[in-house]
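Taken in sequence, the protein lines are chains A and B.
Per this note's numbering, the first sequence starts with residue 13, numbered consecutively.
Per this note's numbering, the second sequence starts with residue 1174, numbered consecutively.
The hints are simulated quantities; they were obtained by calculation from the structure and are not laboratory data.
What you are looking at is a predicted structure, and each value in this text was computed from that prediction instead of being measured.
Idealized CB from N, CA, C, for every residue including glycine.
Mixed in with the good hints there might be a few duds.
Computed cross-link-like contacts, BS3-like style, restricted to lysine-lysine with a CA-CA straight-line distance of at most 25 angstroms [said to hold, decoys possible]: (1) A:Lys164 to A:Lys68; (2) A:Lys71 to A:Lys164; (3) B:Lys1289 to A:Lys94; (4) A:Lys165 to B:Lys1213; (5) B:Lys1321 to B:Lys1344; (6) A:Lys152 to B:Lys1265; (7) A:Lys68 to B:Lys1335; (8) B:Lys1344 to A:Lys68; (9) A:Lys163 to A:Lys119; (10) A:Lys157 to A:Lys71; (11) B:Lys1213 to A:Lys119; (12) B:Lys1213 to A:Lys163; (13) A:Lys157 to B:Lys1321; (14) A:Lys157 to B:Lys1344.
Computed spacing ranges between beta-carbons, pair by pair [as the list claims (entries may be wrong)]: (15) B:Gln1333 to A:Ile35: 54 to 60 angstroms; (16) A:Phe87 to B:Thr1234: 20 to 26 angstroms; (17) A:Ile120 to B:Lys1231: 23 to 29 angstroms; (18) A:Leu39 to B:Leu1343: 29 to 35 angstroms; (19) B:Glu1186 to A:Lys72: 41 to 47 angstroms; (20) B:Lys1335 to A:Arg125: 21 to 27 angstroms.
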Amino acid sequence: MSKFNKKRGKSKPEVSTASLPDIIFMLLFFFMVTTVLRDASLKVQNSTPQATELTKLEKKSLVNYLYIGAPKEEFKAEAGTKPRLQLGDKFASTADIPLFLENHRVKIDERQRGLITSSLRVDRNVTMGIVSDVKTALRKSNQLKVNYSAKKKAE
Amino acid sequence: MAKKSAKDRMSNEINAGSMADIAFLLLIFFLVTTTIVEDKGILVRLPPWSEEPPETLKFKTRNVYSILVNANNDLLVRGEPKRITELREGIKEFIMNPQRREDLAESTTDAIVSLKNDRATKYGTYLEVYNEVMAAYNELRDEQANKKFRKDYQYLTQEQKKEINAIIPLKLSEAEPTEFGQE
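Using the sequences and the hints, build the whole thing.
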């Protein structure tokens, strides 16, 4: 017994904190690597035009995004050079829009379904043909609230 | 020596020296993962789809402000070529018709802006035109709101906004695009 007492008196009970930063760094790197940023993989060129009469989209969960633009360099072999529609993270045609909208709609509370907005993120160099087709498809599936995504123009 | 260490033990504290580092790391983590997406744009309400062809409504020519955008992104406004920058003032004058001219809108509620483009029109141009139309309407509503309530339109209550909207209704008609240009 006396042996134990003696030992307790001698030792300092401090934990070394020198390695703490390293541990935190490892955590940081772990999260940085594993976190998937929302729609990180844009497959189409997408620089939206500038405008002044902008409205802010409030609730992000009530918004679905439709990207239109020419495919990026690395996808040109797969998707061609003509402007394409991207839904989620893959190329799609206008025929896929109803299903895409329905998939989003079922996730939303019924009372809020009327507030769903489609954000059209269209590249400024796209011609209106494909945009009109997408608009017609949206109208056909009764998704009438549309937001033409644009950047703030400095006046 | 043994005495001193016993005293140390009494005043044991958690080492707070690394707290700053932890906080910094958290900060960096959130900075990295947060995407600051500019979720802004021009909010539009599309007309509902109907299978039947829309009934042709007849309007007086003076009440329609037609804007045509062709495949080369040129504008034809009421039969005359115009630049986008002239559009806003043109629309405002057309709607308000301050000099009661014969060729401009009879009243603000009769005024219709008609927009037609080609399938080969650039989206950037289309949105620029659209933006100018919206800007013209917003400016007129602002003027009206200042006259009536001495406030900007955005600060009005719902009822006041409705009142202004009744005076200056947004009547924008978009026609099916033409198919002349090469996409």
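Hint by hint, here is what the structure shows:
no., hint, in the structure
1, A:Lys164 to A:Lys68, "holds, 11 angstroms"
2, A:Lys71 to A:Lys164, "holds, 19 angstroms"
3, B:Lys1289 to A:Lys94, "holds, 23 angstroms"
4, A:Lys165 to B:Lys1213, "holds, 11 angstroms"
5, B:Lys1321 to B:Lys1344, "holds, 22 angstroms"
6, A:Lys152 to B:Lys1265, "violated, 33 angstroms"
7, A:Lys68 to B:Lys1335, "holds, 20 angstroms"
8, B:Lys1344 to A:Lys68, "holds, 22 angstroms"
9, A:Lys163 to A:Lys119, "violated, 29 angstroms"
10, A:Lys157 to A:Lys71, "holds, 14 angstroms"
11, B:Lys1213 to A:Lys119, "holds, 23 angstroms"
12, B:Lys1213 to A:Lys163, "holds, 7 angstroms"
13, A:Lys157 to B:Lys1321, "violated, 30 angstroms"
14, A:Lys157 to B:Lys1344, "holds, 17 angstroms"
15, B:Gln1333 to A:Ile35: 54 to 60 angstroms, "holds, 59 angstroms"
16, A:Phe87 to B:Thr1234: 20 to 26 angstroms, "violated, 48 angstroms"
17, A:Ile120 to B:Lys1231: 23 to 29 angstroms, "violated, 42 angstroms"
18, A:Leu39 to B:Leu1343: 29 to 35 angstroms, "violated, 53 angstroms"
19, B:Glu1186 to A:Lys72: 41 to 47 angstroms, "holds, 43 angstroms"
20, B:Lys1335 to A:Arg125: 21 to 27 angstroms, "holds, 24 angstroms"
In the structure shown, a violation is registered for the earlier hints numbered 6, 9, 13, 16, 17, 18, in ascending order.
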